[in-house]
Structure formats: structure tokens, C-alpha cells
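> Here the protein sequences come in this chain order: A and B.
Residue numbers for the first sequence, in the numbering used here: 1 to 202.
Residue numbers for the second sequence, in the numbering used here: 1001 to 1654.
No wet-lab data here; the hints were simulated from the structure.
Computed from a predicted structure; not experimentally measured.
Watch out, some of these pointers could steer you wrong.
Stated by the list, open to error - Derived lysine-lysine pairs resembling DSSO-like cross-links, with alpha carbons at most 27 Å apart:
1. A/K135 <-> B/K1406
2. A/K184 <-> B/K1195
3. A/K126 <-> A/K177
4. B/K1199 <-> A/K126
5. B/K1200 <-> A/K177
6. B/K1200 <-> A/K26
7. A/K184 <-> B/K1199
8. B/K1388 <-> A/K126
9. B/K1388 <-> B/K1419
10. B/K1195 <-> A/K126
11. A/K177 <-> B/K1199
12. A/K184 <-> B/K1200
13. A/K26 <-> B/K1406
14. B/K1407 <-> A/K126
15. A/K26 <-> B/K1388
16. B/K1406 <-> A/K126
17. A/K196 <-> A/K177
18. A/K26 <-> B/K1195
19. A/K26 <-> B/K1199
20. B/K1200 <-> A/K126
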Amino acid sequence: APLTTEFFLQGSVMENSLETLVNRLKGLCDNADYQQESFQDHEMVFHIKNTSVPTPLVFRVRHSLVQTECWSLRYLGHAEVGDKNRPTLVRSYIDCPTSENVAQFIGELGFRMDHEFVVKGFYFHKGRMKITVSKFYKMNQPGNTTNDTIETVCPSYLVELSVVTSSGQEAVGDDMKNFAEQLKPLVTLEKTDHRKIQLAQT
Amino acid sequence: MAAPYSQFSPSPTPVNVCVEAVLESQIQEVRVVEKPDAPDGHEIQEVYVPPLSMSENLTKLAQKIDFYKDESDEKGKPTSEGEKEEEEKTGAAFQPSLWPWDSVRTKLRTSLTEMSVLLDILNVSSSKEKRYMVLDPVQQNAPDPKLAVQLMSKRRALQSAASVLQSGAERLRKSHAEINNKNDFHLELLNVRQKWRLKKTGTSILGDLSYRSVGSRYMHNGVFEVVKSSDLTAEGEFLAQRGSLDVVVPTELEGGAYIQVEVKSVPGNCITDTMDLTGAILRVPSGIGPVRSETYWQQKLEKAQNVLFCKEIFAQLAREAVQSKASIPHLVVGNQIITNVFPGIQLSIVLCHSTGKEREKKLPQYKMDHNHVLEHSLHQLLRENHFKNINFPAPHPVTALVGLTKKRRLAGPNALSRKQLMDMSDSESMLDQIIKQTKHNVLRLRTMQTIDGIAATLSDPQLTVHWSCCNSSTEASCRVIITSQGYDLRVWHSFVIIIGVDSLKVIIKEGRVFFLSFEEKELQDFIMWQVSQHQISVSQNLARLMGWQIMSTSTAMGVSDLESSGTASSLILAAPNKERILAIKSGPSSGIKVFLQQSQKDNKNRVILPDDKWQSVGADYQQVDLSKFEGRNFASKLELLLATFSHDLSSSSS
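Next comes chain A alone, as it looks inside the complex (with noise of 0.2 Å):
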């Protein structure tokens, strides 16, 4: 089954208790004996408007910038928050690998950036559940994403905990409650309302 949906749960923690949290992570997760991995990324978020359709379709290019040949291309549907019971958000997932000329390519298409931003954090894994601890940086420079033209959009980092694989696996989610209720009262990773955000964005 293709693997098209994302379970997720997020959290943030201050600047000042990752230091904790990150060895939490490390004695719960996979690999503790490992080095601690960490990941710099760069992504630009295009959008594309359809007369039909109010909201623009979205589209995402992410890149490594530690491994500079690896480029993906994602497609994030809405975070549905569902009922009581399921203990995760769950949106569709839809991600690819791509040559370096991706970017490129989609603005051919019909495609417009619409803004850009570099993530830096580190990652653990738990069996096939991701989390990762990530802040996130605002570019001065278009384009640019080296460290002087780069500044923190807040001090707080973001944590998620994600396992992507096919719909209907719903087992998924009380793995990863079961995992959240580990993390606390360090960090609460709760399912937190999209919409709600980008109401008081508006």
C-alpha cells in the first residue's frame, strides 16, 4: 500500500530545556550509544492558484544542506483533528525524491514561491517513528542560506513526532500516545488545531 498519510503529534519546548529533553530523547529512542544526528534543511513553499478552488495548491521544496543532492518535493494535505478518540492528527502525505532542478521545474509548471525557510534540529527515531526537535530560521537573503543571513523566527523549538505509512493503520496512533505520555510533563505533544493558527493569522 502506498504510504500516503501522516500521523503526527507536535509540541515546543523553550531554548533553555533542550538541553534536557534531547537526552531524554536519546535514552528513549533508537541508537543511544550513536552520535547524535542532527539536520539542516532548506525549504521553499509554492503555491499555485486555481480559479476554481479558493485556496491555492501547495506545493513544498525541501532540500538537505548537509547532503546537498538530496531534493524532495511534498505535498501536505489539512491536519484533520478527527474525534476524542484518535489520539493523533493525521494529514495526506504525499513525498518524492527529486533531481536538483525541482524547483525549476515546478515554477515551469505554473508555480510561485511564496516564502522560504531553513530548519536546523536533530533527529531520533523510535522502530519506524520519526521525532524530531527543529528550529526554524527566517531568511534576510533570498535564496541565501548561509549563517549570517539567517536569524531565528523565535527562540522555541518545535517538537513532532510523525510516522508516515498508509491510511487506515490506526494502530499507529496509540504507539505514538504511548510514546507522547513518555515525553511529559518535559514536553506535552498534543494535537493541536490547524485552523485555529491560521484563524489568528488572518
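Assemble chain B onto chain A, guided by the hints.
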């Protein structure tokens, strides 16, 4: 009382004014009383409240007094004397008419006054100039030192302190002794928790001794239970060792186990089906012996974990052996896996598990030939499998799929073909890997033995072998150097052997590469061939040194008897004065032969042709008997020979 005030009033008629005293007592009640002689038949009677007595009156007035009022306002302290009554009455009568905050106001005013005075005094006395007022400390008289009393008080204080400390120390000592003696269950449990993962479910404490958390996918869940040790002891032995905690491991993991890998040569001429099936019976290892049930928990748990690990290794190998589609079938019998690695060489992997409960049987003792290197390799291979199961490389970018390598992720964008993808996904089974390692092991040992055998028997050119220390479980290399003693710095011959899994790769001096199979004979022939080549090289070198000219050389002679392996090489030398020709032939099986061309001068009798020029025509070659020469090896003998002829001719010509 009516009294006429006729003399004062201007009016003519006098007016009667009635003066009555105010009613002193209040009316309590008005009664209607039946009286027959009254006009209405009843009379109204008023009943008065009895007037207050003196003490009651005083009480009533005293209650009205506000005792919290400033005493200076009143004329005197309230006393219970009757004389003060009047004053109190007047004082009490005046109070309610005053403003209620007045007392507060006056109090604040007085306090303000006092504070100002104090502030002024402080300012004056503490000013820098100290002109008006100076504060001096008052000399207090030192109290009389009553030594006796001080001593007594100090002694008492020290005694109380000492008693407190002693009681604390006593308590600590008692608790320490208690801990050491008793082997408290909870303390032991703490120790167990430090080493093993425990979980309390219901009333029992369970632990996990499997390798699941590090990537194993074996079916066994490896659960053990921690219990308090029972009071009854079997056979009553060694109670002191046990402590108060015991672990119960699953029955199938009891005892001890190990994997035994044995490589042995099996006599037989057939290439296939030469498996020693007589060895495929259930063996009871003699090395383990019964495991004592009073083993302390850590050893017990470690042993059980080892049993689980060995079982997993064997289960995986057995599964692969059954599923593999190799040309030579593997045999799985009971706890043994048998397979042929080379014709005549058999690999057997046995899982030896003894639970310690079997009676000692008198079995014929098999000589267990452990190959510890391969056993260790098996353990390592399983651990590698575990590692690969849970250690995925981190995805970059982080939103990519977990579990793929970078190459696999880039397979799409780089448009890899199906064949390339299949190659990427191919991975070797554990059985294949261990068979490869075994093969390499066998081959390496064989090569070593072959070279050492030749080196031991061959004395003329000497063989030296240098084994490289950088090698892996499937590849090793060595360099063989052939030298002649006494001439080792002048010329040497070397070649490199790279030992792979089932073939050898040899690179000789000129850069040519040969691939040899695992047969020993091939290597032997090769070495002998190289030896023969070396002899020729030495001869060439010596010839150049002595001034002899090399007429021709050939590494692969097409004439003379066929060598059993390889080719012979030859060298034809001409003396410095061109009078003599020497021919040297060196072959791997024929050895080295030196032939000297006779010249006509030797046969002085037979002078048929008078012309001198015919003297130079060469005659037959005669073999030189090198054994009659003095010299340690061929090179020195040849040197002597060359020297002889150079000298001989020069002396004879002169």
C-alpha cells in the same frame, strides 16, 4: 401641689399649677383588677419596676464607662468606691459627645512629636562634627568570672552534645550491620534494576533478557521473573551465597549453551555427498557440566541470555540452510548443520545446549575441535543483523522516508535501472557469510602450509614469506621472496599472493596476474616455476657482473623435454673472450642444468682442419656436474664456474 401665685401674676385670677415629681420608676405593667366598688367594676392598677438598689445602680453606670479611654482625660482611676460615682457619671456623660477619632489623632500627634525628637537627637549626635552631642559607649563591668560555674555549665553542654552524637552513631552502626547481614531483598532488587530492565505487572516483577531492544526479531520473548528466595533450601548447601533474591528463567533457556563450529577434512574421493553423517548425532558437550541452581542472579541471567543468543544464531542458520538454493545442499540434523565447503572439507555448526539436569552419561569423549574464530564470527554476524534492523541512516532532508539509505533514496532521481536496484538490495545470508569465511580460513591455512612446506624442504634458493597484517575475514595477502643465500641483496624474485574466498590471485614481478584455484598442487607448481625463474635471474646477474655476455635468454623454452608443469627457461652466456659458451637451463621439475660448450682446443689430438679459424667453431655441449663444485648453492657454484673459465682462458692465452 397647687399653690396660688397671686402676688406674682399680673392677671387677676390665680392659676393653679400642678407640680409633680417625675416618675422615678418605670411602669412595668398595667393591670386590670376586678374591684366591685369601682364605677366600671374594675380598676386599673399600675405596677412599677422596683427601683434599682445602690449596687444595681452602680453596675449600670459602670457599664457605661469606657475603660479604654486615655486615663489622663479622666480625673481618677475607676474604682469600686461609691464616692467616685459622681465623677464617673460626669466623665461617662461627656465621652459620647466627643469626636470618635480624636483619641487617635492625639495619639498620632504625640508619636510624631516623639519621633521628631528622636530624629533630632540622632541628627545632632551623629553629625560629623560632633559639636553638640557625642555618644559614648557605656563601660559595663565585666561579670565576675565564676570559674566553677562556667566549668560545670561547659561540662554539661559537652556531655549533652556527646550523648547526641553517640546515639546517632549507634543508630548508623546498627542499620549498617543490618544491611550487611541481611541481604535485603529490596537492595538486591535495586542492583538487579541497575543491570536489567524490570517491570512490575500485577504482583510479579518481570524482566526482559532478550535482544529485542537492540534489534533482534527472534520469536522468544525472553521474560524472566524476580522472586524472593524461598525459605526451604534443597540439600541445605551454600545458603550464604544466595542472598534474598532469586530469578526464574524460562525453562527452555536454562543451563548453558554455546555454538561449536568445526572444520574437518573428511576422507573420501567423491566430490559430493562426502559428509560425515556419523557425526550428526546429538552431542552432549562435556565441557559445560551441570549448572548449579544456586548461581547468583547475574550469572544466571547472563547464561540464559547466552542460550537465547545461541538459539537465535542456530535458528537463523537452520532457516537459511533449508531455504538456500545452493548447488551443494546443506544438511540440517537435530542441532547440527553440516555442509561441504571444499571437496573433502566439511563444516559443521552445532548448537550445544546442556540444561544441567541430565544425568552424567558415560559417552565416548569426542575430541571437540572448536574453531573459535568462526564461532566469534557467528556471534558478530548476528549482532550485525540486529544492528541493521534498528539502525537506519538519518534521512536528509529529514522529511524523507525513514529506513532508506542515501543511495536508495537517490535511486529515483538518478534513474537507476532495475538490475542496479536488485544489486543494491541483495544481501547475503548469515550462512553464506560464514561459509565464505570458512572457505577463506581453510584456503589461507592451506596456502600457509604449502609455502611453509616448500620453504622447509627447499634449501637452494630460499623462500621468505611476509604475511600482511591488514586482512579481513575473507581476504588475506602475503609476499613471497625468493633469494639465494649470499646473493640476496643482488637479486631476488618476489610475488604477492592474495588469498580470497576460494581462489588465489598471484601477481608476479613483471606485473602479470595469475588466478589459481584452491588446489595445493597448483600453488606448489607455481612456486617451483618461480624458483626456476629466479635461478636464471641470478645467473644473468652474475654473468653481467663477471663480464660474460648474454647471448640469449628465453623464459619459455619450446625445446627439450616437456616439464610436468610450467615452462623451463634458458640462458646462453658467452665468455668475455668469446672462447667459451655456457648454456643454463632451469625448469620447475627438471631443476637446473648447466652445459658447457666444448671447444676445439680441448681436443688437441684431432687436428683435421689446419686453419685456425675452425678452432672457434663450437662443438658439442657437455653437462657440467655441479655437485663436484664447491659452493653452497647454485649461485656460488655458478660464480666459481664463471670465474674459472674467465681466468682459465686468460691464463691459457697468455
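> Each of the hints needs a verdict: does it hold here or not?
Evaluation of the provided hints:
| no. | hint | result |
| --- | --- | --- |
| 1 | A/K135 <-> B/K1406 | holds (24 Å) |
| 2 | A/K184 <-> B/K1195 | holds (25 Å) |
| 3 | A/K126 <-> A/K177 | holds (13 Å) |
| 4 | B/K1199 <-> A/K126 | holds (20 Å) |
| 5 | B/K1200 <-> A/K177 | holds (21 Å) |
| 6 | B/K1200 <-> A/K26 | holds (24 Å) |
| 7 | A/K184 <-> B/K1199 | holds (20 Å) |
| 8 | B/K1388 <-> A/K126 | holds (14 Å) |
| 9 | B/K1388 <-> B/K1419 | holds (23 Å) |
| 10 | B/K1195 <-> A/K126 | holds (22 Å) |
| 11 | A/K177 <-> B/K1199 | holds (20 Å) |
| 12 | A/K184 <-> B/K1200 | holds (21 Å) |
| 13 | A/K26 <-> B/K1406 | holds (23 Å) |
| 14 | B/K1407 <-> A/K126 | holds (22 Å) |
| 15 | A/K26 <-> B/K1388 | holds (18 Å) |
| 16 | B/K1406 <-> A/K126 | holds (19 Å) |
| 17 | A/K196 <-> A/K177 | holds (22 Å) |
| 18 | A/K26 <-> B/K1195 | holds (19 Å) |
| 19 | A/K26 <-> B/K1199 | holds (21 Å) |
| 20 | B/K1200 <-> A/K126 | holds (23 Å) |
Hint violations for this structure: none, all hints satisfied.
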